[in-house]
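Undergrad: Sequence:
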Amino acid sequence: MYLMVSVPARAHPHLAPRTNLLLTTGLARIVLGAVFAVAGVTKLADRVRLKATIHEFGVPASIAPAMAVVLPVIELALAVMVLMANEAWFGAAGMVVLLFLFSAAITATLLRGKRPDCRCFGQVASSPIGGHLVVRNM
Numbered sequence: 664m665y666l667m668v669s670v671p672a673r674a675h676p677h678l679a680p681r682t683n684l685l686l687t688t689g690l691a692r693i694v695l696g697a698v699f700a701v702a703g704v705t706k707l708a709d710r711v712r713l714k715a716t717i718h719e720f721g722v723p724a725s726i727a728p729a730m731a732v733v734l735p736v737i738e739l740a741l742a743v744m745v746l747m748a749n750e751a752w753f754g755a756a757g758m759v760v761l762l763f764l765f766s767a768a769i770t771a772t773l774l775r776g777k778r779p780d781c782r783c784f785g786q787v788a789s790s791p792i793g794g795h796l797v798v799r800n801m
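Under this note's numbering, the sequence shown has 763 at position 100, and the numbering climbs by one with no breaks.
Do not rely on the hints blindly, as some may be mistaken.
[What the hints assert, rightly or not] Pairwise CB distance ranges, derived in the manner of DEER restraints:
| id | residue 1 | residue 2 | range |
| --- | --- | --- | --- |
| 1 | Leu-686 | Pro-723 | 43 to 53 Å |
| 2 | Ser-725 | Gly-689 | 38 to 48 Å |
| 3 | Thr-772 | Leu-686 | 37 to 47 Å |
| 4 | Val-722 | Phe-753 | 18 to 28 Å |
| 5 | Leu-774 | Leu-686 | 34 to 44 Å |
| 6 | Ser-725 | Thr-770 | 16 to 26 Å |
| 7 | Val-760 | Pro-728 | 18 to 28 Å |
| 8 | Gly-721 | Asn-749 | 31 to 41 Å |
| 9 | Ala-724 | Val-694 | 15 to 25 Å |
| 10 | Gly-689 | Pro-791 | 17 to 27 Å |
| 11 | Val-759 | Ala-708 | 23 to 33 Å |
| 12 | Ala-748 | Arg-778 | 35 to 45 Å |
Don't read these hints as lab results, they were simulated from the structure. Here the structure is a predicted model, which means the values were calculated and not measured. Just so it is clear, CB atoms sit at the ideal spot from N, CA and C, and this is done for glycine as well.
Start from the sequences, fold in the hints, and give me the full structure.
TA: Right, here's the structure in full:
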């Protein structure tokens, strides 16, 4: 992993567009990494409720305990990957896939007439699911 350093545009005007792009993507990677890391850590800290929530989304009770561990670990792995220079693309692609799967699970649960708590960020932020979460994930 390496850090990107900003070069003043007046010193190297031909580098300004690339520098701005690197700063923008670097900042986006840090924000996404932080969001997924917080989500993963807070889910791991509240596995009992997460297991119940996963079951409320329609996952069989026999699989829910494993999912309550695997899901936050995946989120943490993606958070680390998106921060690593050589793995950022894979981390970002994994985040897109995971958000799509979350959106599909939310939509399917809403279509069944259920509104369990989201637990997107464990016990820190928990509210009933709704269409707004699908929009947010996209």
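Undergrad: Would you mind marking each hint as holding or not holding in the structure?
TA: Each hint, compared with the structure:
{"no.": "1", "hint": "Leu-686 - Pro-723: 43 to 53 Å", "result": "holds, 46 Å"}
{"no.": "2", "hint": "Ser-725 - Gly-689: 38 to 48 Å", "result": "holds, 43 Å"}
{"no.": "3", "hint": "Thr-772 - Leu-686: 37 to 47 Å", "result": "holds, 39 Å"}
{"no.": "4", "hint": "Val-722 - Phe-753: 18 to 28 Å", "result": "holds, 26 Å"}
{"no.": "5", "hint": "Leu-774 - Leu-686: 34 to 44 Å", "result": "holds, 42 Å"}
{"no.": "6", "hint": "Ser-725 - Thr-770: 16 to 26 Å", "result": "holds, 24 Å"}
{"no.": "7", "hint": "Val-760 - Pro-728: 18 to 28 Å", "result": "holds, 23 Å"}
{"no.": "8", "hint": "Gly-721 - Asn-749: 31 to 41 Å", "result": "holds, 37 Å"}
{"no.": "9", "hint": "Ala-724 - Val-694: 15 to 25 Å", "result": "violated, 35 Å"}
{"no.": "10", "hint": "Gly-689 - Pro-791: 17 to 27 Å", "result": "violated, 35 Å"}
{"no.": "11", "hint": "Val-759 - Ala-708: 23 to 33 Å", "result": "holds, 26 Å"}
{"no.": "12", "hint": "Ala-748 - Arg-778: 35 to 45 Å", "result": "holds, 41 Å"}
Consistency note: the structure conflicts with the earlier hints numbered 9, 10.
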